[in-house]
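Q: Given two chains presented individually in distinct reference frames, assemble the corresponding complex, making use of the accompanying hints.
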Amino acid sequence: MRIAQHIFRKDIRRLWWESTVTLAILAALTWADRWRNDYTPGTMEGWLNLLLPFAWAYLIALVVLEDPLVGDRQFWVTLPCRWPSIFAAKALFILALIHIPYLVSCSVILGARGFPPINYLPQLFGKQLALVVCLTLPAAALATVVRNVVQFLLAIILLGVAATLMSHGQGMLDALWIPVNYVHNAVTLVVLTAGTLTVVCLQYVRRATSLARAAGAAAVIATAMTYAWLPQPRTLELQCALDSRKTVGEPLSIHFSAGQGQPADLGRRMPATPSRVTLAIPVALSGLTDQTRVYLNQLALQVDTTEGKHYSATLATSRSEYETLPLVAFLELAGPGHARQILRMERALFDQIKDSTTTIRGTVKADSHRADAAVTVPIGGRVLAPGLGVCSSAIVQLRPGEDGLKVVCESPTDIPSGGAVTLMAANRNSWGERLGSAMTFVGYPRNTWLSPMNRRDAFFHLTAEDVSGRAGSRWLVPVSAVSGGHILVTPERTACDMITYELKGIRLSDYLVR
Amino acid sequence: MIQMQALTRNFGTLHALQGVNLEVPAGSVFAIVGPNGAGKTTALKLCVNLLRATTGRVTVMGVDSRRLGPSELARIGYMAESRQLPEWMSTGYFLSYCKEFYPNWSDDDAAELIRRFELPLDRPLKSLSRGMRMKAALAATLSYRPQLLLLDEPFSGLDVLVREQLIESILERTPEATVLLASHDLAEIESFATHIAYLDEGRIRFAEEMSTLTERFREIEVLLESPSDPPPSPPPGWLNLQQSGVTLRFTHARYDPDSTDGEIRRHYPALREITASPMPLRAIVYALAKSSGRTAA
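Protein chains in written order, with our numbering: chain A, 1 to 514; chain B, 1 to 297.
Chain B with its partners taken away, still in its complex shape (with noise of 0.2 Å):
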């Protein structure tokens, strides 16, 4: 549905993406995740043509996203937390204007949105709290059923109800419609998400299904015999190695149910146990944000 492919975007001195290469399946809820700033606001925005790469290009729908027509434009649907909503429009003016540009509009979808949101027709956008903005601007996205949703922190700030309002809203329209978005909300995004790229000083630390993600992530704990060196140079996969006396933490990047125990038994021949973790999204990417010196958000 998406290729991003070579994409780097620049303002200025600042290198917001990195020669970033990215595949979103159709039909996945694929989540770029990472601390602030990493980039995933401009990849997001490169994808509908809000900014324009430096080099490099995003296909979307098959379509250079620098030549996105109306056709393809009434198929996508993009809600973000900077956008400019024309907030001067009641709601009601709101969702009528955007009905026009938009041949496959459902009215009765429409309708629906407005009586499960419990949207007020007659205020103004601007007059509406920040979750209230976002339920009218979610409720424009979906009336025209798009094929793919860009959401761009669409849960940031909003209280726990709201979010799962808009949750349940958008996954009601998977597997038809693929949905990528943009988030830091990590707790949310791993109860939905059936893919996850990782986003670092905009380059793509990691990109994969939720799963497999999840499969090969642990948190070790080791029990040895006696106090011993760490290993010089730790084997790729190992990350925040720490060791107090006879315990031994860190997180395994590559866990192989199979391979990982002999692993860790060829570098500390004497150990007494081994326990290894599932870890939650949220202890995963802030291992990875601490093995590469920063803090995850």
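So here's chain A without its partners, still in its complex pose (with noise of 0.2 Å):
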């Protein structure tokens, strides 16, 4: 040990400005987040949460290439030293120089916004892990089997166009309505870890580059081909299964349900085009208490038609392409125990299939919230609500001239979208919102995983006067709601059920919205 301490002061008499300017950026990025108020970060939080990582990955390559294990003409080998010591000195200068001081940071940002530091500590410590996994390891993996500085952000920069075009391609920008998917995430990391740890273990026991360099690329190839691969509807249903809480009493479940008018507003909100057309399918959700909220999130749905032809939907995506994708799919709850599946497809895949007498089959995640424990805001108050933190509100200048009565709940622990947020006039007129339905495209980084925080929010536009009953007023609220109201939030998940059903029968053209 006493040699890695030698090691490891001589990497920071080194390395002195490079890790300063490092902890300027984390100091700069947590006094940023500490003063958030809003899911989206500002300018400058977004850019820092983009330089942040890469600041330490480049301090990470800094710090093994001052000892590098590439080569045959470096100066450690010859010292009388064990690989140990060198390992050593290396994850104490990563501990000391990032791990540390991030923790101190997450520390300081929760404490700034309410939450005890001490109260959050298996959340705290997953921060670190989520950073030894997604930054850490990667980068001093890759620094072990590169020759020198420029070499690794070469190996960066190729490595990060490939990782946009894939998520590009695999729609990895999901909007934040799709559920989290654990699962498929871990099972990812997990491959990534394995080949890192691999990479990192052959390179300082044997430093055996060749065969490092082979696992490195055998590991990025097979956290790639996992991602993209690993199907999503399985390991969102594993992740279900995984959770203790499902609903008691008679399971959920959908079926088609004859008799309901078509809804108003979807021929505004989706209208035909001569190129795509929107079918909505009534159903029934049975197995729902009147205390229950349910969100139902679609997971795979597949048209069978009586000719023996099979069409898959695509999962739904804020990808910019969703409109040109050939059939989406999802369900849209439409009352106590009602709900509507949605198609949204080609005019001629339309055209082909209208008069078949299908089946369709599909599968949904079903998250169920208590709908009798809802916690009133106070406009422009903060309050306490269980299973998503602390909720305040408050009215912000969206644009200028424009004002929105602005609802974020902030809480160290995981936030499930889809919590209802609902606006009560004193008149008691209501409009409602989900937590986490509207997305800002802002024109820098919008990815805060540094963040202690998990943060999300819901937006009502004010409008001067009231516009009720005009078309597009279901996302306007007047002013005069807000003096006097209050607002509404529903937060605890009680249980996550997978369902899936079958609708037989059905002639799509009866379902064509107009």
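For the record, the hints were derived by calculation from the structure and aren't laboratory data.
Even for Gly, the Cβ is constructed at its ideal location relative to N, Cα and C.
Any given hint could turn out to be false.
So the derived list for chain A, only partly shown, Cβ under 7 Å to chain B, looks like this [what the hints assert, rightly or not]:
(1) His6
(2) Lys10
(3) Ile12
(4) Val77
(5) Pro80
(6) Cys81
A: And the structure:
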């Protein structure tokens, strides 16, 4: 350990300037995060969230390359010290200059946001683990198989471009209302971690560069393949199965329910175009109690025709090519116990199968929430909402001349998307939104994975005049409704269930939205 | 001190070393010489585990070089022209950084070497001349009194004064320390090496004590009575045979004062005079390289 400390002190002496820069970036990010009251970060925080991981990765590369593993001219190899000393020195550096400062930063943010850090140690250590798995280990592994920093940066750029292309192809930038697939992400990260650990061990224990490079390339390919090919519905199903909270009593089920009328505004929201049509098939939800509110996430859907043709729907994502997918499906709630199976498809496809008798087979993930446990948030107030953290509301300027009522819930623990937010006016009129239903498009990086806080928000757009009843008025709230009104948030998730269903004998042309 | 057994090292399709067998006795100053690309540097790197052998093994101080631990490395000094020193360090910090690794470090020796080499302690290594950097590296190496010194091209490109200083400092450590050095500075090596090995195209052509080598190589000049044809196949040991009129010249690699005269007379019965001149190391190596179709460095 004496030798490890000696090498550590040498690395500190060598990299003090670079270390100071990363600490300064972290301090700036901490400051920005500490004051943020939105899901979306500000411009500076957005860029800092991108810059800091790069700065850390660069620092890791520098410290690893101080005593490089590749080559046959290294000074340290002929020094009388074993590989564990070198390894320990590097680990100590990364711990002292990256992980401990990050832990302090997260604790400061939590404390400043009103969450005593000591109560959230599992979340804080979870963040550390995420940093190890997503950044420290991959950066260290890469640094052990390159000759110099230039090679490291080129490899980072190459991997970054490949990941961006792949994420675009895979619809990685899912909308906030798409459930987070923890199992899918965890399995992918386990593969990545196994690969990066193998590379690091091969290099520090044996300095087997060719083998380590091959292992690294295999790890990258295996990670990408796992991410791309691990079936989303199956992993979400597993995630749901691992959730101990299940609906008690009659299981949830979905079945065809004739007799519901067409929704009045659906034609406006998803209008038919020369190339696309919308279908709305009424379905009933059974097994729900009055105290339960359920959110449905379509995981799979297949349309089978009597002619033996099969058409699979794509999961809804936020990709810009959403309207170019042949068939997109989701379930839309339409009142207590009722929903609609929405199909948005190419007109050419519709024309082919519209008069066939089809069977629709679907799988949805149902997240149930307690409808009777709504928490009241006064306008401009801040309250604790179990299961959601701390929720607050305030009137903010959305754009010049346009105000909105913002509701933000934040917590160090995960906040499930889709929590109901209802603005109740004094005259008993109400407007509904869901936490995380709005996504602001900004011209800078918006990912805040380093933040120890989870935040979800919902916006009500305020208008000077009452436009209730007009087209599109569902999203607009008169300013007068705010005074004397209050917010209700429905927080607690009670169960996660997978529902598979079959809608038989469906003639699609009967459900065309006009 | 060092045994190389059937040592082979390949870099892709390049065979840097091919079945090298070599033994470096304790207390010797053993020089490996040979042309560029002969495999000298590779051989030394294999000794300190900077490279791994493709096949065969190197035993250093009785330990397989792949398993050299701190206790062995603390007694080995390695200095190479190509070694990546931490050039950002000041000379003083470099010496104090190295000191922590070596239990046998002697501050007195370090101070003496700093004084002798006139090392500027406050200047970073990268700002030093090549000679001064080598001096700093040698000071760091000699200060822990290694039992084995591995030196790869330690003097190339250095001025005479610096060279003499380095050689003097190294020789002060012998015979307590064994020295294995790779070099193509033959004139320098001749002055202090006790043993020599000639490495060419990854193979050891010869390895022996310097005294026996210089004894057995002679530049032979034979004055014939009349021009005559050279033997169809020259006897073993006759290298680079040249005949011009009545004068025959060659390098004899197996010179024996008692038998060589008779051997020549058997092939050239009518001769007037035989002259056998001692050869400097440079001439021996050149003759060997020429005989194998290569030019010595």
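Q: All the hints need checking, so say for each whether the structure fits it.
A: Each hint tested on the structure:
A hinted interface residue such as histidine 6 (chain A) counts as satisfied when its beta carbon comes closer than 7 Å to some beta carbon of chain B; here the least separation is about 5 Å, so the hint holds. The closest approach between the C-beta of lysine 10 (chain A) and any C-beta of chain B is roughly 6 Å, which is under the 7 Å cut-off, so the hint is satisfied. Restraint check, isoleucine 12 (chain A) versus chain B: the minimum CB separation of about 13 Å is more than 7 Å; hint violated. Hint status for valine 77 (chain A): holds, given a least beta-carbon distance of 6 Å to chain B, under 7 Å.
For the restraint placing proline 80 (chain A) at the interface with chain B, the shortest Cβ-Cβ distance is roughly 4 Å, inside the 7 Å limit, so the hint holds. Taken as an interface hint, cysteine 81 (chain A) checks out: its beta carbon lies about 6 Å from the nearest beta carbon of chain B, inside 7 Å.
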